[in-house]
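Here are the chains, one letter per residue:
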Amino acid sequence: MSYSQRETPILAELCTFLVEHVYGELAARVFSVLARFGRQRLGDLSRASYLNGRQLKYGLVILIQQHLVFHSPADAKYMFYEIDWQHSYALVRCGKIAKLVEDRFGKKAANVVSNLLTLGHTRIADLKEAYFPSHTDSDDESDDGIVNGVGLRKGKANGTRLNGAVEKINGTANGKPTDDEDAKPATETLANGVNTSKATSNPVKVNGVSKETTDRDTTDGSEELDDGSIGSAEELHATIQLLMERGWVMKVEDAQYLSPGDLHDIARRQAADEIFGGIIPTGTKDKDKLAAGTQQHKRRIRDAWLEVPQACTRKRKAADTDYGASNKRVKVNGGYGVSGATSGNNEDDLVVRVNPEKIAVAMRTEQLVHLVEQRLGYTTARIYQIMLRMLESNLARCYEEYPDPPLADPEKAPDNGIDPRLLVTTRDVAKQTKDLDICEGLDPHAIAQITKRTHVEKRTNVLSQPIDPSTLSHDERVRIVHKHISLLSEDPFHFVTWHTRAGYSQWRIEFDEIMKGLIQHEIENTIASRKGALGVKLIRALRKKGKLDERQTCNTMMMSANDIRGIVNDLTVQGFVQTQEIPRVERREAKHSIHLIWYDRQRAREKLLHDTYKGMVRIMQRIAFEREKVQPLLAKAERSDVVGNEAKYLSKGELEALKKWKEVEEKLLLQLFREDDLVATLRDFIGPLVSV
Amino acid sequence: MAPGRGRGGARGGGRGGAYNAARGTITIAGTELNWDLSGLEIQRAPAERFPDAPPPQAPPATADESAIVQHHLAVRDRIHEGPFYTILNDGMRNGLKRKANEPAPTEASLFNPFTDNQTYSSKYLKVRRRIPKLDSRPYVVDLFPPELRQILNGRSSGESNKKRILSVSKVNAKSQLDRMLNAEEARTKEAEARGDDDDDEIDEDEEAEEEESKPDAVDEEDNWSAVSSDSEESDDDYNAEQYFDNGEDDDIDDADPYENTYE
Numbered sequence: 001m002s003y004s005q006r007e008t009p010i011l012a013e014l015c016t017f018l019v020e021h022v023y024g025e026l027a028a029r030v031f032s033v034l035a036r037f038g039r040q041r042l043g044d045l046s047r048a049s050y051l052n053g054r055q056l057k058y059g060l061v062i063l064i065q066q067h068l069v070f071h072s073p074a075d076a077k078y079m080f081y082e083i084d085w086q087h088s089y090a091l092v093r094c095g096k097i098a099k100l101v102e103d104r105f106g107k108k109a110a111n112v113v114s115n116l117l118t119l120g121h122t123r124i125a126d127l128k129e130a131y132f133p134s135h136t137d138s139d140d141e142s143d144d145g146i147v148n149g150v151g152l153r154k155g156k157a158n159g160t161r162l163n164g165a166v167e168k169i170n171g172t173a174n175g176k177p178t179d180d181e182d183a184k185p186a187t188e189t190l191a192n193g194v195n196t197s198k199a200t201s202n203p204v205k206v207n208g209v210s211k212e213t214t215d216r217d218t219t220d221g222s223e224e225l226d227d228g229s230i231g232s233a234e235e236l237h238a239t240i241q242l243l244m245e246r247g248w249v250m251k252v253e254d255a256q257y258l259s260p261g262d263l264h265d266i267a268r269r270q271a272a273d274e275i276f277g278g279i280i281p282t283g284t285k286d287k288d289k290l291a292a293g294t295q296q297h298k299r300r301i302r303d304a305w306l307e308v309p310q311a312c313t314r315k316r317k318a319a320d321t322d323y324g325a326s327n328k329r330v331k332v333n334g335g336y337g338v339s340g341a342t343s344g345n346n347e348d349d350l351v352v353r354v355n356p357e358k359i360a361v362a363m364r365t366e367q368l369v370h371l372v373e374q375r376l377g378y379t380t381a382r383i384y385q386i387m388l389r390m391l392e393s394n395l396a397r398c399y400e401e402y403p404d405p406p407l408a409d410p411e412k413a414p415d416n417g418i419d420p421r422l423l424v425t426t427r428d429v430a431k432q433t434k435d436l437d438i439c440e441g442l443d444p445h446a447i448a449q450i451t452k453r454t455h456v457e458k459r460t461n462v463l464s465q466p467i468d469p470s471t472l473s474h475d476e477r478v479r480i481v482h483k484h485i486s487l488l489s490e491d492p493f494h495f496v497t498w499h500t501r502a503g504y505s506q507w508r509i510e511f512d513e514i515m516k517g518l519i520q521h522e523i524e525n526t527i528a529s530r531k532g533a534l535g536v537k538l539i540r541a542l543r544k545k546g547k548l549d550e551r552q553t554c555n556t557m558m559m560s561a562n563d564i565r566g567i568v569n570d571l572t573v574q575g576f577v578q579t580q581e582i583p584r585v586e587r588r589e590a591k592h593s594i595h596l597i598w599y600d601r602q603r604a605r606e607k608l609l610h611d612t613y614k615g616m617v618r619i620m621q622r623i624a625f626e627r628e629k630v631q632p633l634l635a636k637a638e639r640s641d642v643v644g645n646e647a648k649y650l651s652k653g654e655l656e657a658l659k660k661w662k663e664v665e666e667k668l669l670l671q672l673f674r675e676d677d678l679v680a681t682l683r684d685f686i687g688p689l690v691s692v
Numbered sequence: 001m002a003p004g005r006g007r008g009g010a011r012g013g014g015r016g017g018a019y020n021a022a023r024g025t026i027t028i029a030g031t032e033l034n035w036d037l038s039g040l041e042i043q044r045a046p047a048e049r050f051p052d053a054p055p056p057q058a059p060p061a062t063a064d065e066s067a068i069v070q071h072h073l074a075v076r077d078r079i080h081e082g083p084f085y086t087i088l089n090d091g092m093r094n095g096l097k098r099k100a101n102e103p104a105p106t107e108a109s110l111f112n113p114f115t116d117n118q119t120y121s122s123k124y125l126k127v128r129r130r131i132p133k134l135d136s137r138p139y140v141v142d143l144f145p146p147e148l149r150q151i152l153n154g155r156s157s158g159e160s161n162k163k164r165i166l167s168v169s170k171v172n173a174k175s176q177l178d179r180m181l182n183a184e185e186a187r188t189k190e191a192e193a194r195g196d197d198d199d200d201e202i203d204e205d206e207e208a209e210e211e212e213s214k215p216d217a218v219d220e221e222d223n224w225s226a227v228s229s230d231s232e233e234s235d236d237d238y239n240a241e242q243y244f245d246n247g248e249d250d251d252i253d254d255a256d257p258y259e260n261t262y263e
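Keeping their order, the protein sequence lines are chains A and B.
At position 458 of the first sequence (counting the first as 1) the number is 458 in the UniProt record's numbering, and the numbers step up by one without a gap.
At position 208 of the second sequence (counting the first as 1) the number is 208 in the UniProt record's numbering, and the numbers step up by one without a gap.
Just chain B, with the same shape it has in the complex (with noise of 0.2 Å):
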């Protein structure tokens, strides 16, 4: 092709992109094309600075990849659910001093006002721990360093009389997410056959267990929920907030008007 035709194609159309349809031709950026472009659309605006790019997705797990994943879990959980996990929930993030400049995490920093706000029902949440309980299992005392073996020692002499005892799940546990869902899923199926009476019952056992089995550091903050299960154990019928906790209850699950009538 002769580049004066280009020229005088990019003059004709005035434009750095000119398409002369009587010449077949084409001229990007002041070179002129031979192609048959009929039919082809030229993006004249200019490109998207961040056109859209989807991440490549990773493919789906196999099934030993799964399995891989359920027994990471069940491992993990069974291990939160021990006595060494703790959260200390004190607005650090690692354990190195406070830099000079920084502000101490304070009581209303570290407050949610969407979440933290104390309502009865928080008295049923779980209490995670602030300090590992130690005293529960039996150690190897030989392999840990002098200055440790105090902790170690010190607790067991003093409660000789319980007895320390790993603990281990016989069977391959599943991970407690898969347990809540399974639960839910084939008790969804029986849910109106069930029993209301068998239900509270059965609630009442496990409050009354949570409490018994409530390590000590929950105590020392959170004397509320001592208080409101106090009045939850000695069947006082006169308490206002059992009658409001009834009413709540009712609100938020209209399904079975029913479940939550104490005998």
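Same shape as in the complex, but just chain A (with noise of 0.2 Å):
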């Protein structure tokens, strides 16, 4: 059977749905031929298509713009595109990168990440103009405010606030303009009023606590400073800057535009030249060491986009006592906060995206946090984010795309220790938890011996006498949340570990070996929504006995074989339990073969992956079709006569339509995004398993 006749891959298919959601049929038509045959040129891409020559260039433009095609590099003979369905499968996810960036960075970086991820790659100069061109003073900008109206997203948890404390008190110095968003009280507007640049303060009540907003910083007269809109050219450049430095904004180079492919071959040819002068080896050892050094070209070639230009860092930093009001601004913001300065060619020319890799991170993170808010409860789950925020600004990625190829004996290998940006001491959380009631979710036993104010009622076990968590000394907030921490490590998913006594405890975050768990736990999920709770049983039999042949697997789990038979078959055809049948005699007889069962996690791991690739091109569909439901209705809403005018146009029933329609979406696209939490969980956190 020819290729084309086959099926096409699913996640071809999803990721064609992702691209005609968003960016419309032409984008999409390409973008399925490219999906169905592979590497083009695009004379291949015209006879295998029935778009016209105009039509597929303009489409690549569009694709390449956004980055969902590779191409050859340009001095290549012939020009090959080649679909990059990790770009194209991340469409799906430009709300939660939005959402990410606002809780850690606030609106305003929100807004520019949002805009990044609308236009593609832009040059930094080219983002200012848009922003603030420079012919007319961004009169509109009023405009735009009555018309998109207020942030939707206020009623937030303080995630915000919380990491504007991680900013504030981060040991390295960064600032970035946080605006607060659950407090808009009118001290803001009077700030704005005066056009001066001032810390305000307000006492925001939080789970209860007292406590002080982080500053903020009002530095021009724009009067949507509550919307997150940004005020001036300084304050783009210094939200760029600060993105940049976490590492959620990267450079983008022509390497980015080669497939794997391209960028092996172009990896291997620098390594071949560095270790033995351009010509290929043939021993095998030598072929060892040039894996070995391509991989090592390649992590080169990769880490040099995040590379920050340094240039611009001084600047920020000479430029910022222009702004420099109060001396508590300038403590909190660090360096560069605000910058007066006027940047250089240098800094414009400079060409950014959002970085994909760094996203994995922060919804691994959002994700522990979840895991751990349902097993160990609010606070506890509070304090992990903290140190898994601490620890995000060091984590380029969640694991090593490229590693080094395993050495013979693991007993050689040098050992490293542990890069101390990977560590976390209590007393660095401790000093952030300053508006969080940290007494809560603990044993009051505990807290009764640290604070030595009060004891534990005998019959009612509460504390005789409640602990305002405001006035604890730092000492005891430092010895309540080591109790927290250490809840976290005694969990079975040890979500931390213990390293040394540096900083009352010192911690680190083992990510390889909580993914490995939480793969294993959705796996566990899925099978028991689908089998119950004896399909666990049998996975977790099998996991830890190894293969099993029926007498064996009917011995492990105490029951009959009756009772498994089903269970066991009908796993089998899911995929999640592997058969193999072992003649005994040398004719293969059925009756005389052993016949093994046995659970792989890896390859569990991707038959779910699969599945639930196959859940979200069902919702795209549906999502489709519930659109051509009402698209009548639709055409008629975007009538340039009925837009501003729905009331007298549409009917009630065509409103209370449009309504529905609305929650239809909202319901599948939330849907969506759930799987693709699963998704990231299973593919994006942590590489290939060994297979057991």
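Check the hints yourself; a few may be wrong.
DEER-style ranges, computed between Cβ atoms [to be verified]:
1. B:Glu48 with A:His592: 40 to 48 Å
2. B:Thr106 with A:Tyr399: 46 to 54 Å
3. A:Asp265 with B:Pro113: 32 to 40 Å
4. A:Lys614 with B:Asp90: 37 to 45 Å
5. A:Arg375 with B:Asp90: 48 to 56 Å
Because the hints were derived from the structure by calculation, they are not lab data.
Beta carbons are placed, not taken as given, at the ideal position from N, Cα and C, and that holds for glycine.
Once you've looked at the hints, go ahead and assemble the two chains, each given alone in its own frame, into the complex.
Structure below.
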């Protein structure tokens, strides 16, 4: 059977749907041809497609601008195009990316990032021109504010706030235009009105504890500061700078457009040039050396993208004095909160885009926090969130995509120890818990023991006198936080691992082990909902014992063969349990063979991932179908005479239908994003596992 | 329990599931059970082949999740309103060549008799691009392969006087649908208090803008709209279409009889 007769791979189908969902039909048609036939030249494309040459070229421009296809280096003899499935898949995450950035860096950064997502890559100069056109003085801003309205996301939990605290105390100098979304008092307007930049601090009740909000920059008189709009070109620069330093935004270089194969060739050639003077070696050992060198070169190429240009950093710091209104703000915002300096051409020419690897790191943080919240409670989860976010800026990616080949004997490997940047001390965490009721979620006895100001009532098992967390001394705080972290480390998932006693206690997070556990957890969740507790029992038994035949399975599970068979069959059909048949005699007869079953984590993971992709494809199809149903109505609502006059032209029933469609679409998208979370867990947080 | 009694019960009942109240036993599928099942209704009819099984419902969105959805919709709608979004409407499912045995989509097969008939109001319909408008924004041309640079460069030399600017949103935008529904809600409250004359002025302004900003692809197939809009713009009082327009609107919306009066 020829390739074109086979069914399209499910991931290709999903990516095509996503491209169509976001960029429309032309881009998706061109993408679908590439997804179907793989690496193609323009001529091949036009042969395989019904589109004409102009359409193909225009489609390719869109796809390249948005990083959805790879192409060969510009000096290549033939220009090949190939889909970039990772970036195409990442289209599903654009909302998530904006949300993650908003949680960490505030609305302004979220605004910049969502613009970057919309535009693909862009020169900083162009972006600045777009925000602040040089001829007009951004006069339509107020209009925008009215039309687009107030931010939707006001009633958020204190994620941003917490994060603000992270920024504040994080040892390295890092300023940022934090804007606090929960509090929008009149003081803000006042500050804007007098056009001074002063640090306002508003006491806000959170979790019943009064605390000081983080400082915010009210640097210019823009009236929509609350909406997260960027006030000035300097602010834009500062925001991009901050995002680049944290690794959320990266440079764009030609090499990012190289397909994995091209990248491998180039890295291999570089390695051969460097190690063997350009000759591809033939010996086994030399080949291994070349492979290691290739990986090293790939890493080098990739790491170069993340480098932040140094020149602007220095400039930022020097310029800060221009705005240094209060000591506090300077201290808090460190270097580059706001800069009044005109930036050089060098920086303006930089081409930037969102870094997808960092997104995975942030998603991992969110999922871990969510899991901890389910298992250990809200407060402990917040403390874990503080720890993870402290590490986040030091983690460029979840796992090394180009690792060194494993050594022959692992004992000989040089023990590098652990990078100190991947360690967190309890003391640092405790400093950031000011707005948290840290006594919550702990054994009252532990609190009584630490604070010594209260005791536990025998009968009711509550503290005789409640502790106000804001009155705790630093030392007590550290010890209470230590109790929380101990909870984390004692959990079966081992969310943290004790490292040394520095800073009361120093912890590291073994992401790889936790992620393996998380994958297993997801697989078991799936099986539990499909086959109930017995299925999970079977999987766990097989995982513990390895390959078993039927009798051994019965013994292990302490059940009769009849009860087990049905489940074994179902799980085998679903791909979670593997089977093997070993003949005992020379003639392969079923009667005389040993039938083994076993469980392979990697295979189960791939199967579940595949199923999840399928689910996502169906959601996309469903969205398209539901849209088709209301298409005439949507077309009517978009009519130029209707826009703005909905009440006049749309009947009540039509408005109801519009509302209904909105709900349906949101519900389906929500499910899509939830499945995307599962995909991230299964695919993005840890590399391929070695099969057992 | 003795098996003999069970068989007797079954025989006495003459059916599979016989119930003997005197002995307090029940025979189901030939097995005698000693439980006291008085009061229990036993389903004698065959089981339903497709029993009603409601699908599991997903839990409602948390605040974070709905924020994610809103962000996604906002970004997507901005892309849809941008220069790259295209709708071909050519009846093909993907970009591959048609198979030899598949009929080519014809005008007639693409025509939906219920919705595609041109009416007067279709001149207001939002026009979707068929080919992306590439000359509206700047590009980093070096990143594109040489064979595509032509498209990006060629246009810019032609209209060098027109400056290319990225379109960015300066605030975190809402999704379009939201804007529509919200504007709608706000308007229903003050609908009566509105001055009608203002409305119509705004309307006309919008229309004029719409005509100007229409992409070139439109003109090729939609010449009917050009004709009617010309008549609109020329303020032709003797235009019969205009007369009917007013009449139609009154039929649709009888809440306010003065809504569509032209001055």
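Starting from the hint 48 to 56 Å, judge whether the C-beta atoms of A:Arg375 and B:Asp90 obey it. holds (53 Å)
Holds or violated: the 46 to 54 Å window for the beta-carbon distance between B:Thr106 and A:Tyr399? Hint holds: Cβ distance 52 Å, inside 46 to 54 Å.
If I claimed the Cβ atoms of A:Asp265 and B:Pro113 lie 32 to 40 Å apart, would that claim hold in this structure? Given a distance of about 56 Å, which is not inside 32 to 40 Å, the answer is violated.
Using the beta carbons of B:Glu48 and A:His592, state whether their distance is inside 40 to 48 Å or not. Holds: the Cβ-Cβ distance is about 44 Å, inside 40 to 48 Å.
For the hint 37 to 45 Å, verify it against the beta carbon of A:Lys614 and that of B:Asp90. violated (28 Å)
Against the hints set out earlier in the document, violations occur for numbers 3 and 4.
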